[in-house]
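Chemist: Chain by chain, the residues:
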Amino acid sequence: MNEQLLRYLVIPMAQIGAIIGVMLLCVMYLVLWERKLIAFMQVRMGPMRVGYHGLLQPLVPKAADRWVHLIAPIILMIPALACFAVIPFAGTTFDIAGQTIQPWVADLNIGLLYFLAISSLGVYGLVLAGWSSNSKYSMLGSLRSAAQMISYEVPLGLSIVAILMLSGTASLVGIVEAQRAAGSWFLFNPIYPQVIGLFLYFIAAVAETNRAPFDLPEAETELVAGFHTEYSGMKFAFMFLAEYLNMILAALIVSVLFLGGWLPVTFGIPGLHGLFGNFLPFLGAAGAAITGFFWLALKVFAVLTVYLWLRATFPRYRYDQLMSLGWKWLIPLGLVHVMVTALLMLLRG
Amino acid sequence: MATTEPPEENGSVEQAPTSAALDRLLATMPDAVEHSEFQRGAPIVRIAPARLLEAMTFLRDDPACRFDLLSSLCGMDLSLTRTDGPRFDVVYHLYSVEHRHVLTVKIAVAEEQEAPSVTGIWVTANWHEREAYDMFGIGFAGHPDLRRILMPDGFDAFPLRKDFPLEGREKDHGCWRRPEDDDRYTYVAQAPEK
Amino acid sequence: MSVVQRPELSFWKKIFLVELFQGMAVTFTHWWRKPTTEQYPRERPKILPRFRGIPKLQDHADVPGILCIACNQCSIICPDDCITVHGEPRTEGKGKQAKLFILDYERCCLCGLCEEVCPTSPVPAIFMSHEYELARYKRVDLMNDMKELYDPQPTKEYLK
Amino acid sequence: MLGTRELEINLGPQHPSTHGVLRVKLKLDGETIVESDPVIGYLHRGCEKLGENRNYIQTEVYTDRMDYIAAINENLVYIEAVERLLGVEAPPRAQYMRVILAEFQRIASHLVWLATHALDIGAMSVFLYCFREREEILDLIEGYCGARLTTNAVRTGGMRLDFPEGWLGSAKAFCDEFPVRLKEYDTLLKTNRIWMGRTKDIGVITGERALAYGLTGPCLRASGVNYDVRKAMPYEVYSEIEFDVPLGSVGDTYDRYLVRLEEMRQSRLIILQAMEKMPQGPVMNKVPKRIKPPAGEVYVVNEGPRGELGVYLVSDGTDTAARCRFKSPCFVNLQALPELAKGHMVADIVALIGTLDIVLGCIDR
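Chains as they are written, first to last, in my numbering: chain A, 1 to 349; chain B, 1001 to 1194; chain C, 2001 to 2160; chain D, 3001 to 3365.
Calculated directly from the structure, the hints in this document are not laboratory data.
There could be a bad hint or two in this list.
Claimed, not checked - Here are the computed lysine-lysine pairs in the PhoX-like style, where the Cα-Cα straight-line distance is at most 25 Å: (1) C:K2034 x D:K3183; (2) C:K2096 x C:K2056; (3) C:K2034 x C:K2094; (4) A:K328 x C:K2099; (5) D:K3183 x D:K3200; (6) D:K3200 x D:K3027; (7) C:K2014 x D:K3183; (8) D:K3200 x C:K2013; (9) D:K3049 x B:K1162.
Every value quoted in this text rests on a predicted model; they were computed, and no experiment measured them.
Using the sequences plus the hints, can you model the full thing?
Modeler: What follows is the structure, encoded as structure tokens:
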């Protein structure tokens, strides 16, 4: 009985703990990397006295109804963390002390659907946060961000439909296996290279996480930091963390869906499929898992750098332009993309 | 009848400055002009307040003048120099983009009397007149919403008048009070009780 | 006078987002350019010779005693009336010298007029020093008398 | 009782994008602006009252605190008014020096405008690139007169000091690599579709309406009216320098951006020409120590970066002015904000405040 207990309780708990710990750590370093990268891109040094320790003291506006004010950041945080359950961090399972450990928490066969459903729960957190701060600015900010997130779910979904068709399964592990079977990343897929899909997903993900050219809700110059104007202390840290976790999540999904998850960089080139498969052969399966994780991390790092690069370069869209871009351009593009993928799959078998 | 003073020489021998606009105005509305002179080459004309709006519309619309830019409108407190006549002067500086010439128009306004508002002719006069009212207390008849623009609404004096002290009135001063236990002064915003 | 022409994006540029990538290229190339910021407390900014810091008093070798002749020119010209000077007969030689010289840093606007009008011979008695760290902890410290006006304000080294 | 009411919202006075302490009372219907009413006066320090209680030398110290981003232009227009009252001319070398410094200050002021305007609309990097250029100009100005912002650089009858040696060399160096930087801003903004989307057809004003509002400077020239004081009533040595006055066609925010960019290029050309033509010679004319101009009045107008800077000086023979009136271009330009903002969205009012290029010190005096 304790073996059952061990397999389904202790190991997943350990994995979840590891994931949360690693993710919080890389959120901090992502924030630092963002400030340093954007600083260098703007010919300045960025934070030199690095002492990032987000323990801020809490503050609540008196007219706000306390409970909603308290719950909102938690509602924002839970989906961000929950989605990590589905992400395959490495390819091969390995065993330590007799127990076989898979490098992901759960391999749901509806993995992608789960991700879409959970990540769209975040909108509630935003709206509640804006409403409960009882200030006009937060109100405007939260309404804007809710509308933005909802309307950019659609192009997100469309770009994922094409991937589902190509890989035939919704489980993220299955998708990466499909890319291994197809012999190259989906981005360079012989049947129909998913360049438009990647572009579509990336733009929608940027809008979804209120970043770069679409950071309207927290447009500090207009609405004085939008919905989290009235937040400070731990609750603000939660929201801040949720935003960056969403960013890392989007980068992870881009890497898994389009850039071949844990497959090595040289995977696409015919002759060198397995070249960098395993840096630490002496560790056997564990070594392969670690190298797989390393490749995934490298791709996530590249995608995040492009995120920050966008932020340093582009001005901000206005609210109605944002909406018209989403509805008039991205969604038709997504539909055409899905149709073309289907057509090409039919023709090229 | 308007008298045109000979322009005073300031050391450089130059032909007497002429202003087409001024001559045009003198020709068409001689009775509106009380007095006109040239100061360092710039024409200055004093108009009777009653005929101001008529003269100003003429100056803006007449093809020879075409003063389409009211560069600046400001009040002046002459209580020290012109003790007999009306206390205030309202000075209009006009400029024509087309003909590239300038004209300064002045009208005299007594203390309680209201000057005619030129917001109908140039929209820019709105804030200028509000500032003149705020600083000098010169009322402008026909101004859309004449209220203070720079000073706080509750302010009851007119700061740019000559009788308003430079350091401000005692009543507006808060005072720096230093409690015994602390050596830093704290600013208390109400007048010190004597 | 020329009318500025308003560029229009050609169809192909619009489709392939050419100008967006050009913009990104600009920020990318800035990535490895040398940063221009200076880490203030450790790296001190370079002060140009004519920099107008806070006015201070100075003496000169060939004039015995206090250089300032208490002529009150500076306190007359000062727009904010920061300077009060009281003279006393000069200890060596004839003429006057400053007995009491109070400069109110709180009101001083660093305009440099006092240095211009100061008539003392080799060097102006009151001169615009190169000190720019003017914060003090108490308001009282801002009223500087002669003793403080002479010694340069100690700049603590921020080594942290 | 269900009913919709317009949302009244306060933009400022503590707000990151009002370029100073400006408060705009906005009436919003959803996101579109129904009515806006700018409230000013938070930075009123009574420069005109001080002008009437300080002598002519001391008042110049207050002029560069009014429009603190174009300090030398403010000093210049005040000193020109005093010189015209006195009937004194600055020697030719001093006049060329004044033109060079005024044009440098114009470039610096346009750089601050571009930086804050781009930052309000979201382009963070342009903000820092502009301030990097402005830093070099401020070093030049500090090299000449000793202060970066509160310059107090011009004197009645000429300039107090000549350029330090090596100054013209570093000024030339700046002028050489400035066009490359301008091209960078253009690639980042001018053809960028997001920037175009945020600035095209925002705050459109026709030529006549602009003149009725008394707009001057780049805001007026963007609507196609050719009025530049340096060409219309040339002061100092502008008549001997050829340069071009850029005009706009539509009169929207995008045109004002293009006009100001072009003005920066023209200012650079002016500086280069002035540096070549600058004769050797004295920099200061004989001026009495206590300036007591004869009784009279004068209204002098200069072309500041934001528009027409005017000084109306009335002297009664003593050494303090009887009336000292500063006509500020931003005070007049801001008056057009309600008409420009009607019907636009909240995000646009931020772009509009940026494009009017207002400085609150200059408005409130």
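Chemist: Does each hint hold? Answer for all of them.
Modeler: These are the hints, each one checked on the structure:
With a C-alpha separation of about 19 Å, the suggested pairing of K2034 (chain C) with K3183 (chain D) holds against the 25 Å cut-off. Distance check on the hinted pair: K2096 (chain C) and K2056 (chain C) sit about 19 Å apart at the alpha-carbon level, within 25 Å; holds. Distance restraint check for K2034 (chain C) and K2094 (chain C): the Cα-Cα separation of roughly 59 Å exceeds the 25 Å cut-off, and the hinted pair is therefore not satisfied. Restraint check for K328 (chain A) and K2099 (chain C): not satisfied, since their Cα atoms lie roughly 81 Å apart, outside the 25 Å limit.
In summary, the hint linking K3183 (chain D) to K3200 (chain D) is supported, as the alpha carbons are separated by about 20 Å, within the 25 Å threshold. Restraint check: the Cα-Cα separation between K3200 (chain D) and K3027 (chain D) comes to about 23 Å, which is no more than 25 Å; the hinted pair holds. For the given pair, K2014 (chain C) sits about 21 Å from K3183 (chain D) by alpha-carbon distance, which is consistent with the 25 Å threshold. This hinted pair checks out: K3200 (chain D) and K2013 (chain C) have alpha carbons roughly 18 Å apart, not beyond 25 Å.
Taking the CA atoms of K3049 (chain D) and K1162 (chain B), the gap is about 9 Å. The hint holds against a cut of 25 Å.
Comparing the model with each numbered hint stated earlier shows that hints 3, 4 do not hold.
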